[in-house]
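There are 2 protein chains.
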Amino acid sequence: MILRDDCTARDLADELWPLRAEFRLNEGEIYLDGNSLGPVCETSFRRVNEVVETEWAKGLVRSWNSAGWMAEPTRLGDRLATLIGAQKGEVLVADTLTFLLAKLIGGALDLVPDRHIVLTDVDNFRSDIYIVEAMAARAGRPMIVKRIDRNTLDAELNEDVALVLLTHVDYRTGEMLDMKAITDKVHRAGGLMLWDFAHSTGAVPLDVEACDVDFAAGCTYKYLNAGPGAPGFMYVRKKWQGVLKNPLPGWLGHARPFDFELDYEAASGMQAWVTSSPSVISLASLDGALDVWDRATMEQVRTKSLALTDLFIELVEDRLAGVFEVVTPRDHAKRGSQVSLGHSDGYGIIQALIERGVIGDYRDPAICRFGFTPLYLRYVDVFDAVERLVEVMSSEMYREPRFAVRNSVT
Amino acid sequence: MILRDDCTARDLADELWPLRAEFRLNEGEIYLDGNSLGPVCETSFRRVNEVVETEWAKGLVRSWNSAGWMAEPTRLGDRLATLIGAQKGEVLVADTLTFLLAKLIGGALDLVPDRHIVLTDVDNFRSDIYIVEAMAARAGRPMIVKRIDRNTLDAELNEDVALVLLTHVDYRTGEMLDMKAITDKVHRAGGLMLWDFAHSTGAVPLDVEACDVDFAAGCTYKYLNAGPGAPGFMYVRKKWQGVLKNPLPGWLGHARPFDFELDYEAASGMQAWVTSSPSVISLASLDGALDVWDRATMEQVRTKSLALTDLFIELVEDRLAGVFEVVTPRDHAKRGSQVSLGHSDGYGIIQALIERGVIGDYRDPAICRFGFTPLYLRYVDVFDAVERLVEVMSSEMYREPRFAVRNSVT
Chain A
4 MILRDDCTAR DLADELWPLR AEFRLNEGEI YLDGNSLGPV CETSFRRVNE
54 VVETEWAKGL VRSWNSAGWM AEPTRLGDRL ATLIGAQKGE VLVADTLTFL
104 LAKLIGGALD LVPDRHIVLT DVDNFRSDIY IVEAMAARAG RPMIVKRIDR
154 NTLDAELNED VALVLLTHVD YRTGEMLDMK AITDKVHRAG GLMLWDFAHS
204 TGAVPLDVEA CDVDFAAGCT YKYLNAGPGA PGFMYVRKKW QGVLKNPLPG
254 WLGHARPFDF ELDYEAASGM QAWVTSSPSV ISLASLDGAL DVWDRATMEQ
304 VRTKSLALTD LFIELVEDRL AGVFEVVTPR DHAKRGSQVS LGHSDGYGII
354 QALIERGVIG DYRDPAICRF GFTPLYLRYV DVFDAVERLV EVMSSEMYRE
404 PRFAVRNSVT
Chain B
4 MILRDDCTAR DLADELWPLR AEFRLNEGEI YLDGNSLGPV CETSFRRVNE
54 VVETEWAKGL VRSWNSAGWM AEPTRLGDRL ATLIGAQKGE VLVADTLTFL
104 LAKLIGGALD LVPDRHIVLT DVDNFRSDIY IVEAMAARAG RPMIVKRIDR
154 NTLDAELNED VALVLLTHVD YRTGEMLDMK AITDKVHRAG GLMLWDFAHS
204 TGAVPLDVEA CDVDFAAGCT YKYLNAGPGA PGFMYVRKKW QGVLKNPLPG
254 WLGHARPFDF ELDYEAASGM QAWVTSSPSV ISLASLDGAL DVWDRATMEQ
304 VRTKSLALTD LFIELVEDRL AGVFEVVTPR DHAKRGSQVS LGHSDGYGII
354 QALIERGVIG DYRDPAICRF GFTPLYLRYV DVFDAVERLV EVMSSEMYRE
404 PRFAVRNSVT
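In order, the protein sequences belong to chains A and B. Take the first sequence: its position 284, counting from 1, is numbered 287 in the numbering used here, and each next residue is one higher. Take the second sequence: its position 136, counting from 1, is numbered 139 in the numbering used here, and each next residue is one higher.
Hints are not guaranteed to be accurate.
Because identical chains cannot be distinguished in the list, a pair is counted as satisfied if it fits within a single copy or across any two copies.
In the SDA-like style, the derived pairs of lysine to any residue whose C-alpha atoms are separated by at most 20 Å in a straight line are [claimed, not checked]:
#1 Lys61 / Leu28
#2 Lys183 / Arg23
#3 Lys241 / Met146
#4 Lys248 / Arg409
#5 Lys149 / Leu265
#6 Lys149 / Glu264
#7 Lys61 / Asn29
#8 Lys188 / Phe128
#9 Lys241 / Leu309
#10 Lys242 / Glu320
#11 Lys149 / Glu268
#12 Lys248 / Ala140
#13 Lys188 / Glu328
#14 Lys149 / Asp266
What the hints contain is simulated information worked out from the structure, not anything from laboratory work.
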């Protein structure tokens with residue numbers, strides 16, 4: 004039997020405890036949706052203000068040079084590289100996850116013109132499926148996109164597979180895939196591997212180098228806390244740079260943009276992937292958010308993430324035995340930083356919880372999602388969240404008709 | 004002979020005068036680069052703060068619904084529609100200009116599968132040329148992109164022309180094309196017309212309806228003052244909606260995004276063009292910037308723009324006779340809201356002017372660009388800018404070696 008005092012004691016011993024003060028959190032509210040949208044940190048707030056009030060207002064157009072705006076996509080890429088185990092010069096922050104996937108898919112399919120199959124996961128996030136199908140349709144040769152059960156990957160891999168696109172942590176179940184084993188398999192079949200890190204970056208330790216990942220992309224508004232609709236990031240392993248071509252180029256990715264040459268010639272390194280002017284204010288928010296990450300290691304984050312999710316699962320099983328199906332794997336090696344609970348009344352349960360100050364979200368079919376973000380969550384938050392979940396379930400308030408009206412996000 | 008007092012008198016009579024107070028401008032500086040990056044207005048500043056401090060910090064993930072974030076791309080599209088003569092439901096704010104062009108080009112080429120030629124202007128902005136070539140290469144059939152002298156359009160139009168992509172106001176010369184005449188010509192040849200409004204929106208009155216424009220896209224960080232790297236906008240005429248398909252789709256453009264269906268089915272209207280989560284903070288800045296536009300009509304803006312550019316040309320010719328070539332057309336019907344002066348020492352001249360507090364920019368080959376933005380520029384600013392230009396030329400300070408070092412933007 005776990006007591007609230009036990010949780011308080013763990014909080015007092017928590018190395019990451021000081022970071023909580025960097026976030027603007029609502030008093031009394033427990034935010035378990037940082038896997039959808041992270042909260043504001045003070046450093047983001049300050050950096051956005053600095054960019055608007057000083058760099059933009061006073062520097063005006065000069066700030067493209069003087070404030071370094073032009074270099075933000077690669078500079079922030081280098082900052083972010085450490086979180087995924089990449090080298091400097093392998094990551095770019097730009098656009099959005101879907102457009103970055105589009106570029107990487109288009110470039111990858113051009114690299115292996117004799118192959119005709121793309122494999123992706125039938126449970127992949129829908130934007131990934133739509134964009135891989137869209138880019139495959141424009142590959143210049145007949146392509147087949149197979150939406151497979153990811154557990155059948157071995158049987159599907161063959162010498163006609165050009166590319167495999169998988170999301171490393173499943174957005175619904177929170178299951179984490181074995182990046183190294185899968186990447187190795189795909190390489191043995193002669194294919195290219197593209198990983199979607201939407202639910203991985205800042206959630207679990209990543210080592211693209213050790214896993215020999217070819218390409219990856221992710222977003223920054225979930226566990227990295229860069230703000231709603233903040234830019235995505237992409238990774239291209241050094242050995243592919245200059246080989247893989249950006250299929251959606253723009254003038255700022257030209258080797259000599261200010262010469263305004265008629266023919267496109269790619270800049271070197273990740274700059275070649277810049278299509279448009281960087282979204283400076285959004286990048287400022289990311290820049291500030293990364294300041295907090297400088298004060299934590301991914302090992303610390305992972306240790307606490309597993310402790311928080313273990314605690315949550317244990318409390319739910321203890322106090323709500325048999326009420327929910329724990330959809331997320333118990334095996335640490337297969338768990339991201341969220342816990343998903345299956346329940347046929349999941350939508351109403353999440354709405355009732357939100358009303359009681361515990362913010363999770365719901366995903367069809369029948370999944371209550373709870374994200375656990377070690378930078379600002381306490382062990383007592385986990386305890387209190389389950390306490391309120393017990394109240395919601397025992398009172399059956401989730402059955403009230405007002406919770407049946409579906410809205411779009413949570 | 005024009006006197007400074009004449010300019011002061013014109014400022015006092017200027018209906019748009021009150022709007023200047025809405026902008027944060029540097030004391031003593033004359034900003035003639037709003038055609039590259041507009042300044043901050045107070046309403047943008049306030050709106051960005053409101054979104055960060057309240058909607059994001061307190062509302063968190065709920066704000067996708069409760070603060071209307073999800074609907075911002077179409078709501079802001081409707082706000083912007085009035086500036087281009089579009090109807091509500093025909094404009095979307097999203098992504099960046101280049102990605103929006105990519106989508107429109109891809110969609111347009113799919114609409115006319117029996118045609119094989121795309122025409123664009125050899126003087127078009129380079130991103131437009133690169134992206135139209137990139138999308139033509141992925142059209143699924145052999146396509147030829149011809150970079151033509153726009154004055155030879157008549158001779159180039161034939162029954163094999165699928166699409167014509169032109170920028171309405173030339174980014175270097177400031178020449179404005181005859182949108183109606185050109186669109187009509189393209190239509191008579193059975194082609195589709197895509198206009199780039201980067202240097203037109205907020206600069207000149209636009210009437211996509213009267214000109215029977217099929218598709219258009221533009222940016223919001225120039226004359227609309229939405230901030231560095233702010234999102235772009237796109238226009239699809241009602242008659243093409245549902246017919247033209249988004250070639251780079253995402254889940255939020257699905258008819259039922261939260262059903263997470265495996266097959267993509269486009270939402271109705273402009274929502275179908277949403278690929279990614281909206282960049283909420285950047286959109287907030289645009290939202291604030293549009294508040295200023297609500298207080299002006301495009302007719303007022305155009306009248307003052309022509310008066311400012313006429314005044315600038317007259318002063319330059321009067322006081323610097325024969326020194327510069329006035330590259331921008333004198334004919335009002337062919338002039339945007341900038342004046343370009345040709346000079347072989349243009350780069351040094353702009354650098355010297357910037358040091359004296361007049362911000363213009365330089366574009367190869369040998370073009371000094373000056374943007375005139377009626378919302379915050381005064382007639383005395385034009386007078387003083389020419390005064391400082393006269394000083395720069397007579398002192399020959401622009402020949403100083405330090406001005407020979409090229410940097411990237413201005």
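A quick look at each hint next to the structure:
no. : hint            : in the structure
1   : Lys61 / Leu28   : between (31 Å within a copy, 7 Å between copies)
2   : Lys183 / Arg23  : neither (33 Å within a copy, 59 Å between copies)
3   : Lys241 / Met146 : neither (27 Å within a copy, 33 Å between copies)
4   : Lys248 / Arg409 : neither (43 Å within a copy, 28 Å between copies)
5   : Lys149 / Leu265 : between (39 Å within a copy, 12 Å between copies)
6   : Lys149 / Glu264 : between (40 Å within a copy, 16 Å between copies)
7   : Lys61 / Asn29   : between (33 Å within a copy, 6 Å between copies)
8   : Lys188 / Phe128 : neither (22 Å within a copy, 44 Å between copies)
9   : Lys241 / Leu309 : neither (32 Å within a copy, 52 Å between copies)
10  : Lys242 / Glu320 : neither (47 Å within a copy, 57 Å between copies)
11  : Lys149 / Glu268 : between (34 Å within a copy, 18 Å between copies)
12  : Lys248 / Ala140 : both (18 Å within a copy, 13 Å between copies)
13  : Lys188 / Glu328 : neither (32 Å within a copy, 65 Å between copies)
14  : Lys149 / Asp266 : between (36 Å within a copy, 13 Å between copies)
Hint check: violations occur at hints 2, 3, 4, 8, 9, 10, 13; the rest are consistent with the structure.
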